Structures are given as C-alpha cells and as structure tokens.
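Using the sequences plus the hints, can you model the full thing?
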Amino acid sequence: SQEGAAYTPNNYATLTLTGGAPPTTVVSTTSPDADYTPTKNIKVGQGFIVQMKGAAPTGNTPTLGTLTFDNTIRNSETGIFYNNKTEEDQMNRYWVKLVSPSNVVSTILLAHITGATNNYDENYDADLLALGDDSFYSKLNTQRLQIQARNNPVSTDDIIPLGAKFSLNGNYTIRLGNKEGVFEHNQKIYLYDKVNNKYTDLSTEDYIFNAIKGTDESRFEIVYKNKEILGADGGKISDFQVYRDGESFVIKSSRKLGTVELYDGGGKLIMVKNTSQKEYRLDVSTVISGIYIIKAENEGNVKTRKIIK
1 SQEGAAYTPN
11 NYATLTLTGG
21 APPTTVVSTT
31 SPDADYTPTK
41 NIKVGQGFIV
51 QMKGAAPTGN
61 TPTLGTLTFD
71 NTIRNSETGI
81 FYNNKTEEDQ
91 MNRYWVKLVS
101 PSNVVSTILL
111 AHITGATNNY
121 DENYDADLLA
131 LGDDSFYSKL
141 NTQRLQIQAR
151 NNPVSTDDII
161 PLGAKFSLNG
171 NYTIRLGNKE
181 GVFEHNQKIY
191 LYDKVNNKYT
201 DLSTEDYIFN
211 AIKGTDESRF
221 EIVYKNKEIL
231 GADGGKISDF
241 QVYRDGESFV
251 IKSSRKLGTV
261 ELYDGGGKLI
271 MVKNTSQKEY
281 RLDVSTVISG
291 IYIIKAENEG
301 NVKTRKIIK
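Counting along the sequence shown from 1, when you hit position 293 you're at 293 in the working numbering, and nothing is skipped either side.
These are computed hints drawn from the structure, not numbers from a lab. Heads up, a few of these hints could be off.
Unchecked claim - Listed next, the in silico DSSO-like pairs over lysine-lysine satisfying Cα-Cα at most 27 Å (straight line):
#1 Lys252 to Lys295
#2 Lys179 to Lys256
#3 Lys268 to Lys227
#4 Lys306 to Lys97
#5 Lys188 to Lys198
#6 Lys256 to Lys268
#7 Lys97 to Lys179
#8 Lys252 to Lys278
#9 Lys309 to Lys213
#10 Lys194 to Lys97
#11 Lys139 to Lys97
#12 Lys295 to Lys278
#13 Lys252 to Lys268
#14 Lys273 to Lys256
#15 Lys273 to Lys194
#16 Lys295 to Lys268
#17 Lys268 to Lys188
#18 Lys198 to Lys213
#19 Lys225 to Lys194
#20 Lys278 to Lys256
#21 Lys306 to Lys213
#22 Lys139 to Lys227
Source: prediction; values computed, not measured.
See the structure below:
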C-alpha cells in the first residue's frame, strides 16, 4: 500500500455501457501516463465482479441470475488501446481526475448519452464500489457514482455535484483526462469551487486547491457555463467575492458591505466586524487552519461563502 498499512485504496476498475473508469492508481516518474481504464475485452485470467440488474435480495435469500459464457463471445484481441476510437464509439463523455499530494489518482467518467436520463440508469451508471482513503466521485442524490451518464444532448444548465475523500491535508489537483464528442470540440467543462467562488475551465487548465483531511460533498460542481461571465449582470464578474490573501480573508462587492461575520465549520461565531466599504480585509492571523463561513450584509442582502484557511 502506497500510504502505509492503514491506507485503503479503491482497487476497482468499473465498466458500463457508458465506458470504463480505472481504479485508483499512483502516478510515478516511471509510469506517468499508465492507463488502466477497462474496455469491453477481458484478458485471459482476469477476474471480475458483475453487479446484477434489477431485484435486490429478498429477506436473506438473494435473487439469483445466470451468466452464460461460450465461444461466441471470444475474440482474438488481447485488449483495445484506449485511444483507438471508431466513429461509432464516439460519445459525449470525459474523464475527470483527482490527484492527491502523494500522487494518488482517482478517476470518474461523466457522459451525456442517448438513452440515459438524469436519474440512476443501471445500464449506464455505476456506484463507487469502495470508498478508499483517497476517493473521487459524482453525486446523484445520495448515491456516489464512479460513472454517471446523463441526458443527451448536453444542457448548459446542467449541474453535476462532486464528492471526494481526502487522505491528507494539503494541495490537491483536479484535472481533465480524455474527452470525446462535443467536449472534444466546442463545449467547455467548468469546475465550480463553491468555497472560493471560482470557476475553472478544465479544458484549458488544471485546478489546484487546498483541502483538509476528510470527506467533502458540498464544495465542487461540474457545470457547462461560467456564471461569473454569463450572469444576469450583463457580463460582469460576480458582484460578491470572497477569497484568501495571506493572513486575510478578502470580501469584495460591487455594493456597499455592512456587518461581516466569521463562523467556524461547526457554526460557532468567531468574529464580527462592521464596514461601509465595498472591499473589506478580515484579519485571520489568529485563527487556526480549517473551513470557515463568512456571512456579510450586502446592501440589504445577506451573502454567505465557505472558505478555507
């Protein structure tokens, strides 16, 4: 185990009609681009698990099904190169990767496929089989998915919540893997960080952020338009921003601010300040590292933002 005897990885590669998602892997200098994404071909001697469709166990007796293997499903191929894609294989899909400070890589697959819905589709979606110490997944209500297919064509109003489990405190990276269909051409893929109120175009750059050890299912979303650019204010950047600058939390608005309150992650009030300016720097040099919530009056409105120190 790459993190010590107590470290638990997600060792399962997953395959549905949407495509394949690899297991958690470790990037090294000797194999920086190693790809363990499964395909429709299974090599001789490779074990696998099948998740049965439909009925759940009744009482203590599981509902049984039959798998039939015969020579008609054999072929002479030992495997398919991941990038050997024919025109009929093309889908509107992409892979997103979370890289830990120790180079542990977790990958999810997101897609928009004809026949899929925005609900759980047993032919196209796949649950995360194991929540390892480093895990990355998309959310569908309460389900954690390693593969999620959604309505096709792509709607720019779509929002896909993400979740992650972080094994360490430190800097993590979210980056885009392969992309196909409309995502390979003109459809942007944005990562929205709700803590920092920041949109990142993953098609052009990686996103590096600081995280605290533990599970977070409320910070990140995948969206297909940048609301800071396309908002109702006619193209201006968001009129309320909060970000960290050294030992200060900076609150900026196009309107005058009022009372500014700082709460810890448990909801305890830490600090109260008052201002009539459009920008205020909150000194947090005396508070410990962690997740905080800023609540600020904004000319009659109250705005809240999560932020990490």
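Outcome of the hint check:
1. Lys252 to Lys295: holds, 12 Å
2. Lys179 to Lys256: violated, 43 Å
3. Lys268 to Lys227: Judged against 27 Å, a Cα distance of about 31 Å means the pair is violated.
4. Lys306 to Lys97: It holds: about 23 Å lies between the C-alpha atoms, which stays within 27 Å.
5. Lys188 to Lys198: Given pair Lys188, Lys198 holds - Cα atoms ~15 Å apart, limit 27 Å.
6. Lys256 to Lys268: With Cα atoms ~25 Å apart, Lys256 and Lys268 stay inside 27 Å; holds.
7. Lys97 to Lys179: Satisfied, since the Cα-Cα distance of roughly 12 Å is no more than 27 Å.
8. Lys252 to Lys278: Holds. Lys252 to Lys278 sits at ~6 Å (cutoff 27 Å).
9. Lys309 to Lys213: holds, 13 Å
10. Lys194 to Lys97: Within the cut-off at roughly 18 Å; holds.
11. Lys139 to Lys97: holds, 15 Å
12. Lys295 to Lys278: holds, 15 Å
13. Lys252 to Lys268: Distance ~23 Å between Lys252 and Lys268 Cα, so the pair holds.
14. Lys273 to Lys256: holds, 14 Å
15. Lys273 to Lys194: holds, 23 Å
16. Lys295 to Lys268: Holds: Lys295 and Lys268 sit about 12 Å apart, inside 27 Å.
17. Lys268 to Lys188: violated, 39 Å
18. Lys198 to Lys213: holds, 21 Å
19. Lys225 to Lys194: Within the cut-off at roughly 15 Å; holds.
20. Lys278 to Lys256: holds, 5 Å
21. Lys306 to Lys213: The hint holds at about 16 Å.
22. Lys139 to Lys227: At roughly 21 Å apart (the allowed maximum being 27 Å), Lys227 and Lys139 satisfy the hint.
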